[in-house]
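Please take these sequences and the hints and turn them into a complete structure.
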Amino acid sequence: MTIRAWAGWRRFTASPDLPRLSVALVAFVLVGCETLGFTSGGRGEAPVVERPVLVCPRVASPSDTADLVRFRTPESRDLTDLVVSARITSLNGTCALVNRNAAVQVTVTMGVEAMRGPAAPGRTIQLPYFVAVTGPDEEVLDKAVYTLAVEFPANMQRARMQGEEIRLTIPVTAERPASANRVYVGFQLTEQELALNRSRVVAR
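The opening position of the sequence shown corresponds to residue 197 in the working numbering, with each subsequent residue numbered one higher.
Calculated from the structure, these hints are not laboratory results.
All C-beta atoms, glycine included, are put in the ideal place defined by N, C-alpha and C.
Treat the hints loosely; a few may be bogus.
Using C-beta positions, here's what the derived DEER-type ranges look like [what the hints assert, rightly or not]:
1) Glu347 x Glu271: 45 to 53 Å
2) Asp274 x Ala370: 28 to 36 Å
3) Glu387 x Arg296: 37 to 45 Å
4) Glu347 x Val251: 33 to 41 Å
5) Arg363 x Ser272: 18 to 26 Å
6) Thr365 x Glu334: 14 to 22 Å
7) Ala370 x Gln322: 36 to 44 Å
8) Glu387 x Gly331: 44 to 52 Å
Shown next, in the form of structure tokens:
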């Protein structure tokens with residue numbers, strides 16, 4: 197399977213936080229879509245325009261990867277060693293059939309809010325994040341890792357960003373429709389960062 201993805205980033209105005217639903221998934225959004233199909237009418241009639249029902253893949257941010265808390269050293273939990281604390285604040289998507297209905301193109305955008313810590317090396321901080329596609333059995337079909345460069349204005353400790361569109365082209369068949377897939381977006385974490393997130397989720 198070949199899945200293509202592109203990504204870039206720009207500033208935005210704030211979006212509301214998404215609800216946390218479970219340890220496995222958070223903020224999942226069933227994305228909408230439209231596509232046109234054509235069928236012939238009866239004899240002497242004009243073609244009839246139809247709108248096939250297309251159920252898009254769900255786009256979700258797993259709760260244990262929706263936050264990134266990074267310290268100067270992996271073992272530290274001292275706030276004076278905090279480099280950055282970031283979270284995914286919004287996740288939206290749309291989809292449409294392409295390639296003569298042989299594939300679905302999913303377009304995803306993500307909003308991020310970040311706070312610069314005392315141990316930040318400068319006003320620009322790199323945040324790694326991933327986009328993954330899974331199949332009906334949650335097997336990972338494809339995953340790509342990107343880096344978001346967050347720039348903090350002078351004398352500001354917080355910044356909000358929204359990514360430009362990420363486009364994924366996913367093959368579909370009658371046996372495996374678009375709705376059988378899932379798209380997950382989250383921060384690419386170290387083992388220590390992931391363990392910290394999971395402990396915080398359990399404590400809630």
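Earlier hints that do not hold, by number: Violated hints (numbers, rising): 1, 2, 5 and 8; every other hint is consistent with the structure.
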